[in-house]
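For this one, chain A is given, so just place chain W on it according to the hints.
Just so you know, the protein sequences line up as chains A and W, in that order. Residues in the first sequence are numbered consecutively from 3, following the numbering used here. Residues in the second sequence are numbered consecutively from 3, following the numbering used here.
FYI, nobody ran anything at the bench for these hints, they're computed from the structure. A hint or two may mislead.
Heads up, the list lumps identical chains together, so a pair's fine if it works in one copy or across two of them.
What the hints assert, rightly or not - Each computed BS3-like pair below joins lysine-lysine, with the alpha-carbon atoms no more than 27 Å apart:
no. : residue 1 : residue 2
1   : Lys-186   : Lys-131
2   : Lys-131   : Lys-106
3   : Lys-181   : Lys-131
4   : Lys-128   : Lys-181
5   : Lys-89    : Lys-106
6   : Lys-62    : Lys-131
7   : Lys-128   : Lys-64
8   : Lys-128   : Lys-62
9   : Lys-48    : Lys-131
10  : Lys-181   : Lys-89
11  : Lys-48    : Lys-62
Number of protein chains: 2
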Amino acid sequence: MLLDTETAMARKTSKINVVPQAILEAASNLFIQRGYEGTTMQDIAKELDISRSALYYYYKNKEEILVSLTEGLTLAAEQLASQVVEKGKAPEEALREIVYQHAKLILYRPVQFRVVDQALGSLPEKQRKIAETARRIVLQRFTEVIQRGIDEGRFRLVNARVTAFSLIGMCNWTAWWFKSAGAKSAEEIAEMLADLSLHALERGEVKKVGKAGLDETLRILEENLSQLKEVIDTQR
Amino acid sequence: MLLDTETAMARKTSKINVVPQAILEAASNLFIQRGYEGTTMQDIAKELDISRSALYYYYKNKEEILVSLTEGLTLAAEQLASQVVEKGKAPEEALREIVYQHAKLILYRPVQFRVVDQALGSLPEKQRKIAETARRIVLQRFTEVIQRGIDEGRFRLVNARVTAFSLIGMCNWTAWWFKSAGAKSAEEIAEMLADLSLHALERGEVKKVGKAGLDETLRILEENLSQLKEVIDTQR
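Isolated chain A (complex conformation) (with noise of 0.2 Å):
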């Protein structure tokens, strides 16, 4: 019995969930296709084929669905990169992480991620500062998982804040072109830019290799002088 209404209960959140979901989704796609000016209730309703009452039910009107929308996004992008902050981990495996979340983010609701770009003018005022916030918020973690990696000597020396306005606007810009990539998942794809910011800032192995320790130099030394007797073999 109790199992019985554990069950129940489980289905009915996962359907109040799903709803939400497919109207954030729905109401995505006329927004970029018609602005959100554009838009009416009743577009929404009949994209989804629901009646005007049923949309209701959920969103008193379309502020609330934009609002919805942002607060999903920005909030989950503020949340996903403090946590990474919070785990402490090496500066590259933090980096790796940050990149890899956030990509995964915006590439599992690219249409979703656009609107909220596109309209953050027509949202009310307080509903603007606190996606405004979440934002800066972002930033500043992948500031400093940057910075840390330059302070401890894992990463070059560059600009942390250039360079992570740089990252985070190529996981953004995923939300353009993902569907025209072919046939890579979000995942692939998000391990593909997160590999991508790690050797941007990587140092060299030449240089890591003060900071590895004593068998890692001599293995890299070792590779160095069979690849000189390579080159030596070649020039005879």
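Just chain W now, kept in the frame of chain A:
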């Protein structure tokens, strides 16, 4: 006399170029603030503090302004990217330059770029196709430069198309943050993005020495040896 005529003509040409740029700039600001649909020719004339008939002398309607904005940016981007490829430089140089040029274009006209991005759906069909073709060519040029670097063993083995999208995205997103990035100039930021891109793709030093010839391999070995010495000293 001839000189005077030339000077007068040059002045006239320069004025012709300056006025439309001021119109495009003012219109872009309004399109971003109020949306393309929410802006009238009257608003644009008022913003520029000119009469409506003066504005109509340059553009007969709002759509013409949007078309001019879009052509100005997308065709310039296509041209810059194609020029880099045609020069046939080494992959490292070509990558640096294609990123630098594309970033600088966006950084010079960030608001205009955002308008072009957002109002693509409001363009007449024919103009939209032209803009989309130009974008596709920019993507191709970036992809070509990256792929050539991979084929010649100068860049890491990455997905060239996804990487092209990523680097373009990094450049494009500057339109969203440039003004908040403090005292850096457009050129400085473009330089930083080119540097990040190159590091994201270059092979690590250890791998590179095989291609670098005897002298370079020896130099790197010497550097590694001196770092080995430091590591040993530290551990004593």
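- Query: Which hint numbers doesn't this structure obey?
  - Reply: The structure conflicts with hints 9, 10, although it agrees with all the remaining ones.
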